[in-house]
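Enquirer: For the sequence shown, the residue numbers in our numbering are 33 to 464.
Bear in mind the hints are in silico, worked out from the structure with no lab data behind them. Since the structure is predicted, the reported quantities are computational estimates derived from the model, not experimental observations. Take the hints with a grain of salt, since some may be wrong.
Listed next, with one range per pair, are the computed distances between beta-carbon atoms [as the list claims (entries may be wrong)]: (1) Ala258 with Asp181: 22 to 32 Å; (2) Ser341 with Glu404: 31 to 41 Å; (3) Ser196 with Gln173: 14 to 24 Å; (4) Gln82 with Ser397: 15 to 25 Å; (5) Thr326 with Ser139: 22 to 32 Å; (6) Gln173 with Gly93: 56 to 66 Å; (7) Gly88 with Gly406: 21 to 31 Å; (8) Ala115 with Thr339: 25 to 35 Å; (9) Asp138 with Thr80: 22 to 32 Å; (10) Ser397 with Gly88: 19 to 29 Å; (11) Asn303 with Ser213: 20 to 30 Å; (12) Ser379 with Asn277: 28 to 38 Å.
Computed cross-link-like contacts, SDA-like style, restricted to lysine to any residue with a CA-CA straight-line distance of at most 20 Å [claimed, not checked]: (13) Lys203 with Thr228; (14) Lys203 with Ala164; (15) Lys203 with Pro166; (16) Lys203 with Phe193; (17) Lys203 with Asp281; (18) Lys203 with Ala360.
The beta carbon of each residue, even a glycine, is placed where N, CA and C say it ideally should be.
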Amino acid sequence: MTHDTTNRNLIGRNSIIFKSMRYLAGTFLCALLLAAFTPLDSIAAQVTLQWDPSTGATVSGYRLFGRAAGQAYNYNGPSWEGATTTCTINQLASNKVYYFVVRAYDSQGNESANSNEVVFRTSSISGASPNATPPAAPSAQIPSHNALDVPLDADLATSAFSGSAAGDTHKLTRWQVFRGSDDECVFDLYSDAYLTQTTLPPLVLEGLTDYYWTSQHFNQTDAASAPAASCSFTTAEWAADDNANGIPDSQELLTDTDLDQDGHPDADQANLKCFMSALGDQQIGVSATSSSGTVRLEAAQGVDPSTVSVPAGPSPTLPAGLFNVRMAIDQPGETVMVTLYFAHAISQQERFAMFDPALGYVDYSGTFVVAEDGQSASCQMQDGGEGDMDGVANGTIVTMGGYGTLPSAGLSDGGSSSGGGGGCFIGSLLGR
33 MTHDTTNRNL IGRNSIIFKS MRYLAGTFLC ALLLAAFTPL DSIAAQVTLQ WDPSTGATVS
93 GYRLFGRAAG QAYNYNGPSW EGATTTCTIN QLASNKVYYF VVRAYDSQGN ESANSNEVVF
153 RTSSISGASP NATPPAAPSA QIPSHNALDV PLDADLATSA FSGSAAGDTH KLTRWQVFRG
213 SDDECVFDLY SDAYLTQTTL PPLVLEGLTD YYWTSQHFNQ TDAASAPAAS CSFTTAEWAA
273 DDNANGIPDS QELLTDTDLD QDGHPDADQA NLKCFMSALG DQQIGVSATS SSGTVRLEAA
333 QGVDPSTVSV PAGPSPTLPA GLFNVRMAID QPGETVMVTL YFAHAISQQE RFAMFDPALG
393 YVDYSGTFVV AEDGQSASCQ MQDGGEGDMD GVANGTIVTM GGYGTLPSAG LSDGGSSSGG
453 GGGCFIGSLL GR
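My request is simple: use the sequences and hints to build the entire structure.
Expert: This is the structure:
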């Protein structure tokens, strides 16, 4: 059986909402990041940020500071300044990672500490010319149709790019995986690094489950091919898990472990999963909450970074390896607060990196908040947005990251893709 993907929304608007809260210097700031594509000379990313007003009686206004991945904030040159609690930034380059913070200031020019930092990744697609001729549709090759016992970190491979005109080049590929039982998209990735082959991140797929997949090729004008004829496959069983608690047997902890230090065994708490790290001797627990309903932790494990396919850029040094979590939420697209617990305390200055299938490792150090005792750290993540590796607002968040040392050159900023249509504003804004 094949599946018709022709009429799916394969090239649509990319909308991301990211919400994060943090107490800083007695001021409670909330930053909401809303991004969408808007028609300019070409399609470019537009970001609107909104934050809670400062409670200080002498506040005169706010300054917004932005930076691209791998760059530092220029606190002498705010990206925006004003008395309102919202602003919009235009002309962000495509397929890039940006960071933003807000500071309140008084009539004397004194500034508060930074708000929480929000992270935003723009889309890879800037929009094709209406006269562009698309390339030929690829064929799906691996897994082949009706393949059985496919590993959960499946390799996907397409045929070679075939342009419609002399000189056409292969710019991007879109990879999509759908669950066979309900046609739900479980993975959606645009990549300029993985053009004819990619590997699915761990925990995106479930064991003993039917799926089908398709792909599209994009040429240098961003014209998209028709989707490849879909191929169905069935996954192999997940890691050995005799008690079916979503933790590999090889990473199980003692039943009386209490990483969240609430006086109750972690094994007795449905909203907490604990496991042994893939590297070192760290024990890690994870819990998650949302404002609109229950977060169901379906699986958690430690992952050795050497087993992960990284698309581009330098990699961090992660002494405990990667934490990898799959969670289900009631409302697709919502934001959850994820808290990690550690048996061995970490430094409050610890750096965090999260894995993104399109970009590699992304610096999340300003997004995680480490407790004073170093035995927990919290970060907000959004279904289909930042921190969710499956790239789809589908009611499932699959995340993977770790703490350690980040390379001095910085982590990936998204490769060589660039946005169109002016760019002078964001160029001067972020010091490009």
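Enquirer: Quick check: which numbered hints come out false for this structure?
Expert: 5, 8, 17, 18
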